[in-house]
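Starting from the known structure of chain A, arrange chain B on it as the hints suggest.
There are 2 protein chains.
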Amino acid sequence: MVKMKVELENVKPMEIEGRSFEIITEELGDTPLIPGTELIVKRCIHTSADFDYAKNLCFSENAVQRAIEAIKNGACIVTDTQMAKAGINKKALARYNGEVYCFMSDEDVAEIAKKNGTTRATASMDKAATLEKPLIFAIGNAPTALVRLYELIQEQKLKPELIIGVPVGFVNVVQSKELIMETDTPYIIARGRKGGSNIAACICNALLYMINNKRD
Amino acid sequence: MVKMKVELENVKPMEIEGRSFEIITEELGDTPLIPGTELIVKRCIHTSADFDYAKNLCFSENAVQRAIEAIKNGACIVTDTQMAKAGINKKALARYNGEVYCFMSDEDVAEIAKKNGTTRATASMDKAATLEKPLIFAIGNAPTALVRLYELIQEQKLKPELIIGVPVGFVNVVQSKELIMETDTPYIIARGRKGGSNIAACICNALLYMINNKRD
Numbered sequence: 027m028v029k030m031k032v033e034l035e036n037v038k039p040m041e042i043e044g045r046s047f048e049i050i051t052e053e054l055g056d057t058p059l060i061p062g063t064e065l066i067v068k069r070c071i072h073t074s075a076d077f078d079y080a081k082n083l084c085f086s087e088n089a090v091q092r093a094i095e096a097i098k099n100g101a102c103i104v105t106d107t108q109m110a111k112a113g114i115n116k117k118a119l120a121r122y123n124g125e126v127y128c129f130m131s132d133e134d135v136a137e138i139a140k141k142n143g144t145t146r147a148t149a150s151m152d153k154a155a156t157l158e159k160p161l162i163f164a165i166g167n168a169p170t171a172l173v174r175l176y177e178l179i180q181e182q183k184l185k186p187e188l189i190i191g192v193p194v195g196f197v198n199v200v201q202s203k204e205l206i207m208e209t210d211t212p213y214i215i216a217r218g219r220k221g222g223s224n225i226a227a228c229i230c231n232a233l234l235y236m237i238n239n240k241r242d
Numbered sequence: 027m028v029k030m031k032v033e034l035e036n037v038k039p040m041e042i043e044g045r046s047f048e049i050i051t052e053e054l055g056d057t058p059l060i061p062g063t064e065l066i067v068k069r070c071i072h073t074s075a076d077f078d079y080a081k082n083l084c085f086s087e088n089a090v091q092r093a094i095e096a097i098k099n100g101a102c103i104v105t106d107t108q109m110a111k112a113g114i115n116k117k118a119l120a121r122y123n124g125e126v127y128c129f130m131s132d133e134d135v136a137e138i139a140k141k142n143g144t145t146r147a148t149a150s151m152d153k154a155a156t157l158e159k160p161l162i163f164a165i166g167n168a169p170t171a172l173v174r175l176y177e178l179i180q181e182q183k184l185k186p187e188l189i190i191g192v193p194v195g196f197v198n199v200v201q202s203k204e205l206i207m208e209t210d211t212p213y214i215i216a217r218g219r220k221g222g223s224n225i226a227a228c229i230c231n232a233l234l235y236m237i238n239n240k241r242d
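First to last, the sequence lines map onto chains A and B. Residue numbers for the first sequence, in our numbering: 27 to 242. Residue numbers for the second sequence, in our numbering: 27 to 242.
So that you can see chain A by itself, here it is in the shape it has in the complex (with noise of 0.2 angstroms):
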């Protein structure tokens, strides 16, 4: 047995997330949440431990429970990157016939971004564009997704059951997420800077565990 020079709490590995799950609940203290939206506010803080989430996360009306019926209506998830791919819970989300995609590596995709001068972000959301499925977006890295997602529903060429913008960072970041709530789709928004890959998984699987909340 190493001798530790630190002490550690003493937390069996099934009571971790439910433990971190009060701690977080106990320092939310009186911070209003909005009724019905707090287990996806409690999920991001988790992720990134920031709570700022708390105050940054944008709903429109009923968002979530629209969200969770295109799920049991068999909702596929779009994502812009391979990251966020990798953290959806994809059996559980398979319980519902969803897959989730991205199509950011394609290589039609890059040629297309290409010889159009966009991003691959761009060029991946007409390709989900094409696809004849209810689709729920999970954009965590490009405001050039939201954007293009914001004009492909301005033309009629998409009707989105679900937006989630949460992309990060510092060029058109704000002004994307800022376009999405302005269009009639619902949405779960970050609004600000903050976001990220892996607050576009956590929100899907929020979502998923509302549902039923058995693990894989």
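No incorrect hints appear here.
One copy or any two copies: either way a pair holds, since identical chains are not told apart in the list.
Derived BS3-like pairs: lysine-lysine, alpha-carbon spacing no greater than 27 angstroms straight-line:
{"id": "1", "residue 1": "K81", "residue 2": "K68"}
{"id": "2", "residue 1": "K116", "residue 2": "K153"}
{"id": "3", "residue 1": "K29", "residue 2": "K141"}
{"id": "4", "residue 1": "K98", "residue 2": "K240"}
{"id": "5", "residue 1": "K153", "residue 2": "K117"}
{"id": "6", "residue 1": "K153", "residue 2": "K183"}
{"id": "7", "residue 1": "K185", "residue 2": "K116"}
{"id": "8", "residue 1": "K116", "residue 2": "K140"}
{"id": "9", "residue 1": "K140", "residue 2": "K29"}
{"id": "10", "residue 1": "K117", "residue 2": "K240"}
{"id": "11", "residue 1": "K117", "residue 2": "K68"}
{"id": "12", "residue 1": "K38", "residue 2": "K140"}
{"id": "13", "residue 1": "K141", "residue 2": "K240"}
{"id": "14", "residue 1": "K240", "residue 2": "K140"}
{"id": "15", "residue 1": "K68", "residue 2": "K240"}
{"id": "16", "residue 1": "K81", "residue 2": "K31"}
{"id": "17", "residue 1": "K29", "residue 2": "K153"}
{"id": "18", "residue 1": "K153", "residue 2": "K185"}
{"id": "19", "residue 1": "K159", "residue 2": "K116"}
To be clear, the hints were calculated from the coordinates, so they are not data collected in a lab.
Same frame as chain A, now just chain B:
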């Protein structure tokens, strides 16, 4: 052409990252950074939009130089999540004959963890210790992985080239990082609760881009 209700900054795809780093540098202002670590700190901020990383990142002496030497000598990277594995630029690492391993979804790891009543992260560190290669550990999720690395180092069963210790969370996260800082192993640690798979991957990529700034 769809009319935008929000004004977007006109930045070409290839210039977005550069412009982001300019903004980060500007906003960091006089914040003191350890010479030679700036690109790592800025990339963590770029990945999270969280300026706390300017203060919480700790580097053992010459950690960056030693890590770069290790990569050039073919070190492999072991992560504790599929998300971090997805995020690491594997083509850039392959230029130096390195590979990325994540054993978290391996059946033998799941079985051993169950048998021993540990986390899968613990069991996956034991599996990594059997690799006969120079290793960099990039831990973005599980404090139990860092605790097990500490034990393996103390037991002289493992001698990592570098530990990137950036698990995120609320249970034993702070302590597990302090433990690693007690060892003689070179480290890059995000002190406190913050971190994540995205941060683990981004530190690996920052090191790779310090050697060769070519993207794939």
